[in-house]
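*Asks:* The lines below spell out each chain.
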Amino acid sequence: MSARKVDDDKRRQHPPARVVRYAAHRRVVGLWSRLSRFDQAVLVVFVVVLATAAIGPFVTPYPPTFADPLQRLVAPNGAHPFGTDENGIDVLSRLIAAPRTDVLIAVIATTLSVAIGAPLGVVAGYFEGADRRAMRWISEGTLRLLDVIQAFPVFILAMVLVAIRGTGPVNVVFAVAFVNFPVFLRLVRSEILSLREHPYAEAAVALGNSELGVGFKHLLPNAWPTVLVQVSVTIGFAVLLTAGLSFVGAGVSPPTPELGSMIASGAKFMIIGQWWVAMFPGLLLGLIVFTFAVMGDIVGKLAEPGQRAIPSRRLLSKDRVAPAAHAEAAAPSAQGAVLSVRGLAIEAVGRPPILDGVSFDLMPGEILGVVGFPGSGKSILVRAIVRLLGDGLQRAGLVLFRGKDLAELDEKALRAIRGYEILPLLPNAKSQLNPLVRVGDLMVAHIRAHDRCSRRKAHARAARMLGAIGIGDAEHWLAAYPHELSGGMAQRVCLAIALVHRPPLIIADEPTAGLDVTVQRQVLDLMIELCHQSGAAQVLATRELGIVAHYCNRVAVLHEGLIVEMGSVRDVLLAPRHAVTRRLIAAADLRAVSAAATTNTSSKIVP
Amino acid sequence: MRTLRYIGRRLLVLVPQLFLISIITFTLVRMLPGDPARLELGPLAPEEGVELLRHQLRLDRPLPQQYIAYLQRLLQGDFGRSWVNSSSVAQDLLVRAPATLELITAGMLIVLAVMVPIALLSASPSCGWLARATRRISFGYGLLAGALPDFWLGLVLIFVFFSVLGWAPGPEGRLAILDLPPERVTGFYVVDTLLAGNFDTFVSALSHLALPAVTLAFVYGGPIFKMVRSSMEAALRSDYTIYAEGLGLPRRTVLLWAMRNAAPPAVVVTGVVAGYLLGGAVLIETVFNLNGIGQYAVQSITTADYAPIQGFVLVAAVFTMMVYLFVDLLLFMIDPRVSARAF
Numbered sequence: 001m002s003a004r005k006v007d008d009d010k011r012r013q014h015p016p017a018r019v020v021r022y023a024a025h026r027r028v029v030g031l032w033s034r035l036s037r038f039d040q041a042v043l044v045v046f047v048v049v050l051a052t053a054a055i056g057p058f059v060t061p062y063p064p065t066f067a068d069p070l071q072r073l074v075a076p077n078g079a080h081p082f083g084t085d086e087n088g089i090d091v092l093s094r095l096i097a098a099p100r101t102d103v104l105i106a107v108i109a110t111t112l113s114v115a116i117g118a119p120l121g122v123v124a125g126y127f128e129g130a131d132r133r134a135m136r137w138i139s140e141g142t143l144r145l146l147d148v149i150q151a152f153p154v155f156i157l158a159m160v161l162v163a164i165r166g167t168g169p170v171n172v173v174f175a176v177a178f179v180n181f182p183v184f185l186r187l188v189r190s191e192i193l194s195l196r197e198h199p200y201a202e203a204a205v206a207l208g209n210s211e212l213g214v215g216f217k218h219l220l221p222n223a224w225p226t227v228l229v230q231v232s233v234t235i236g237f238a239v240l241l242t243a244g245l246s247f248v249g250a251g252v253s254p255p256t257p258e259l260g261s262m263i264a265s266g267a268k269f270m271i272i273g274q275w276w277v278a279m280f281p282g283l284l285l286g287l288i289v290f291t292f293a294v295m296g297d298i299v300g301k302l303a304e305p306g307q308r309a310i311p312s313r314r315l316l317s318k319d320r321v322a323p324a325a326h327a328e329a330a331a332p333s334a335q336g337a338v339l340s341v342r343g344l345a346i347e348a349v350g351r352p353p354i355l356d357g358v359s360f361d362l363m364p365g366e367i368l369g370v371v372g373f374p375g376s377g378k379s380i381l382v383r384a385i386v387r388l389l390g391d392g393l394q395r396a397g398l399v400l401f402r403g404k405d406l407a408e409l410d411e412k413a414l415r416a417i418r419g420y421e422i423l424p425l426l427p428n429a430k431s432q433l434n435p436l437v438r439v440g441d442l443m444v445a446h447i448r449a450h451d452r453c454s455r456r457k458a459h460a461r462a463a464r465m466l467g468a469i470g471i472g473d474a475e476h477w478l479a480a481y482p483h484e485l486s487g488g489m490a491q492r493v494c495l496a497i498a499l500v501h502r503p504p505l506i507i508a509d510e511p512t513a514g515l516d517v518t519v520q521r522q523v524l525d526l527m528i529e530l531c532h533q534s535g536a537a538q539v540l541a542t543r544e545l546g547i548v549a550h551y552c553n554r555v556a557v558l559h560e561g562l563i564v565e566m567g568s569v570r571d572v573l574l575a576p577r578h579a580v581t582r583r584l585i586a587a588a589d590l591r592a593v594s595a596a597a598t599t600n601t602s603s604k605i606v607p
Numbered sequence: 001m002r003t004l005r006y007i008g009r010r011l012l013v014l015v016p017q018l019f020l021i022s023i024i025t026f027t028l029v030r031m032l033p034g035d036p037a038r039l040e041l042g043p044l045a046p047e048e049g050v051e052l053l054r055h056q057l058r059l060d061r062p063l064p065q066q067y068i069a070y071l072q073r074l075l076q077g078d079f080g081r082s083w084v085n086s087s088s089v090a091q092d093l094l095v096r097a098p099a100t101l102e103l104i105t106a107g108m109l110i111v112l113a114v115m116v117p118i119a120l121l122s123a124s125p126s127c128g129w130l131a132r133a134t135r136r137i138s139f140g141y142g143l144l145a146g147a148l149p150d151f152w153l154g155l156v157l158i159f160v161f162f163s164v165l166g167w168a169p170g171p172e173g174r175l176a177i178l179d180l181p182p183e184r185v186t187g188f189y190v191v192d193t194l195l196a197g198n199f200d201t202f203v204s205a206l207s208h209l210a211l212p213a214v215t216l217a218f219v220y221g222g223p224i225f226k227m228v229r230s231s232m233e234a235a236l237r238s239d240y241t242i243y244a245e246g247l248g249l250p251r252r253t254v255l256l257w258a259m260r261n262a263a264p265p266a267v268v269v270t271g272v273v274a275g276y277l278l279g280g281a282v283l284i285e286t287v288f289n290l291n292g293i294g295q296y297a298v299q300s301i302t303t304a305d306y307a308p309i310q311g312f313v314l315v316a317a318v319f320t321m322m323v324y325l326f327v328d329l330l331l332f333m334i335d336p337r338v339s340a341r342a343f
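Quick note, the sequences are listed as chains V and W, same order.
Quick note on numbering: the first sequence equals residues 1 to 607 in the numbering used here.
Quick note on numbering: the second sequence equals residues 1 to 343 in the numbering used here.
No wet-lab data here; the hints were simulated from the structure.
Cβ atoms here follow ideal geometry from the backbone N, Cα and C, with glycine treated the same way.
Some hints could be false.
Footprint (simulated), chain V over chain W, 3 or more residues, beta carbon under 8 Å [stated by the list, open to error]:
# : region
1 : 218 to 232
2 : 322 to 336
Heads up, simulated EDC-like pairs for lysine to aspartate or glutamate below, C-alpha to C-alpha not over 16 Å straight-line [stated by the list, open to error]:
# : chain 1 : residue 1 : chain 2 : residue 2
3 : W       : K226      : V       : D297
4 : V       : K268      : W       : E172
5 : V       : K404      : V       : E421
6 : V       : K412      : V       : D441
Assemble the whole structure, with the sequences as input and the hints as a guide.
*Replies:* Here it is in structure tokens:
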């Protein structure tokens with residue numbers, strides 16, 4: 001036994017080469033298959049570009065600097081597929097040889113900008129978060145200085161630098177690197193600033209490492225994926241800059257094959273119709289820059305764990321099968337129900353169903369609590385009722401509102417019902433309000449969308465409504481922007497919006513999420529009281545059993561897209577029959593639930 | 001009142017920035033090998049003249065005094081003289097600036113009138129043929145924009161529309177050779193010819209402007225296009241749009257409000273691009289021979305004429321800072337959150 005164990009250990013430490021190769025192979029295949037067709041094609045082109053840059057000058061059909069005076073400006077033909085230039089040099093040969101110059105300059109220059117920019121970025125990020133005021137000022141000053149540097153015309157700056165130091169590849173490298181380093185400084189700085197908030201950074205500091213050391217040792221490596229994406233884009237930009245400099249004669253000068261100077265030498269012939277000299281270098285230039293830019297995206301996608309590189313458009317396509325309708329879909333709805341849901345199923349393509357055949361009836365004035373663990377499909381259910389789910393999901397089943405199937409309604413009819421007869425109350429009220437629209441403008445627009453009346457009248461009505469739910473100084477709040485509201489105030493505004501048309505049905509999804517506990521209570525009391533006054537029925541999705549026990553008539557327990565238990569609050573919460581219900585109750589504050597459920601008599605109100 | 005205070009504070013930031021710009025342009029020329037006075041007067045000038053200028057520029061004094069002398073000259077609008085044209089740089093820049101500004105304005109107008117609507121349409125989730133078509137266009141454009149070099153695209157447009165099709169004039173400048181430039185009011189030929197009522201010259205000016213403006217719009221509209229599209233998509237996906245849909249607001253209102261939210265990032269990017277263009281469009285000017293300040297700078301670099309370069313760099317940097325200032329003020333006006341944060 002022990003011998004075998006030792007053997008095992010050995011194998012663990014030194015897996016045979018075959019296993020390593022196999023694992024590497026699998027990883028590569030795995031990465032490859034995660035790419036879309038388009039990305040795969042780009043990857044192939046990228047490899048070709050790199051190969052050309054590496055060995056280009058050695059594989060040209062003609063020597064790239066060999067001029068044949070008898071073959072000047074020959075149009076593309078069999079011997080010269082891309083023609084020849086004014087000196088009689090084969091364009092194809094120069095094209096194959098040229099990327100070496102451009103790509104090499106761009107890669108070296110970008111590396112140099114990273115080498116300068118990244119450490120400075122770490123220092124700037126470290127200084128910015130430092131406790132000492134003077135250090136923060138230094139960092140602030142550096143950034144303002146960069147603002148100014150970046151305000152200078154990039155191209156002219158590079159030209160001046162080349163002019164100062166003379167033309168030639170080395171000076172182009174310096175110029176391009178100088179122009180690009182602020183990009184990396186800013187990028188690394190902002191990455192460091194966000195990374196240093198992470199617990200592991202604090203832990204490393206707590207362990208006695210110096211802050212700056214942590215910045216370089218722990219934070220910088222985590223910033224690399226973002227930097228790498230930018231590197232790829234910057235290389236593309238650097239290629240363009242190099243070519244542009246050579247185009248005006250301030251970069252790499254002629255005998256050396258280079259794309260920008262090739263375009264420059266072909267420019268005058270282009271105008272008189274001899275297009276091939278300048279056309280092909282430009283296309284190649286575009287291809288190189290494009291490949292590097294897309295490679296940045298691909299690297300970014302692959303570097304981000306859990307990100308799938310498959311474009312989401314595939315999921316959006318309309319041609320797909322609807323989920324199977326369920327038997328209970330056929331069951332008749334109860335007499336007089338405001339809302340009858342029958343076999344409602346929702347699923348995204350290729351995933352397990354989110355809702356798997358949900359059915360229930362809601363009577364006028366009734367409050368149905370929908371509870372369940374996170375991910376059970378509560379908010380999907382609530383949103384599916386009013387078709388607020390957006391594209392990409394398929395649905396089946398019926399949602400009958402006063403006998404009309406909401407799923408069948410056209411855009412216009414749906415708009416007439418939404419916001420007038422069925423009102424949503426959604427979580428985190430502050431994010432539900434458009435930050436650039438005044439509260440009053442939203443309320444007026446909402447009132448006028450369903451009731452034809454003058455703006456003045458709608459405004460007065462909005463003010464009255466705010467007063468009715470206990471918001472004093474209505475005019476002040478109507479003129480306010482959402483960011484001036486507290487969370488509780490925002491939810492009150494949403495409540496006012498929900499009740500202004502006295503709707504028969506309110507659809508609430510965690511209406512108190514993101515609110516202070518004391519405010520939660522006030523808002524809920526207000527909501528339930530007003531609903532009772534106006535006789536609105538309510539579907540209330542929440543994860544807090546206490547709320548259900550206190551406010552609802554009936555409760556439905558949702559689990560993995562199915563209603564596993566439904567009944568009056570008293571029955572379900574005091575004598576749960578399903579395991580999920582028991583677990584939910586066990587997870588909740590027991591006293592709050594059982595006491596409230598015992599005193600909950602509201603289920604008797606409902607016929 | 002708040003607005004005034006904000007503008008005041010923003011202008012206060014501008015002052016040190018302008019100082020920095022002047023310091024950088026000042027050192028730029030000091031970095032060159034050789035004597036600044038000699039550089040300004042050119043290799044052919046007599047030694048006495050160089051000596052005189054050296055005294056005028058206070059080059060015989062310590063650096064701080066030289067800088068103050070430089071600032072004084074700048075404040076008097078004296079940007080030095082070009083030794084190639086033996087003309088005042090300030091005058092040269094002033095004469096050429098309208099050509100560049102006209103190009104930038106025309107290009108940005110195309111971006112706003114053509115590309116932004118396409119970007120907005122392609123972001124909307126509807127499935128009509130128009131939305132599908134614009135989504136195709138935007139996909140293709142997204143791939144090409146930013147990859148094609150502007151100077152090459154300009155050449156290709158000239159080849160196609162001048163050499164092959166003959167629809168547009170060649171790269172002969174802002175007007176045909178026989179056209180007389182209109183009387184200068186704004187400096188924009190397209191505007192001035194209309195003001196003068198000279199319709200033929202107007203058509204000529206417009207057709208000469210078309211290709212460079214399209215080139216500029218195509219190449220530099222890319223970032224604006226992508227930003228408009230992505231921020232519109234984000235706005236349409238956001239909670240407040242879903243809520244607005246849930247309230248049954250008219251589609252027009254929902255879209256307009258989403259556009260309001262898409263505007264601030266788009267404005268920032270537009271500002272950055274516009275600020276970049278004065279110094280960034282130099283190659284387009286060169287290709288189309290528009291004789292704006294960018295082409296002036298490029299020519300000056302090839303003739304080692306440093307006073308114009310110094311002047312151009314200064315003007316371009318100041319222009320960029322001004323555009324940024326304008327963008328900040330615009331953001332202040334359209335986004336209430338910015339004004340809240342500013343205090």
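*Asks:* Hint by hint, say whether it matches the structure.
*Replies:* Evaluation of the provided hints:
no., hint, result
1, 218 to 232, "violated (count 0)"
2, 322 to 336, "holds (count 4)"
3, W:K226 x V:D297, "14 Å, holds"
4, V:K268 x W:E172, "12 Å, holds"
5, V:K404 x V:E421, "12 Å, holds"
6, V:K412 x V:D441, "22 Å, violated"
Of the numbered hints given earlier, the model fails hints 1, 6; all others are met.
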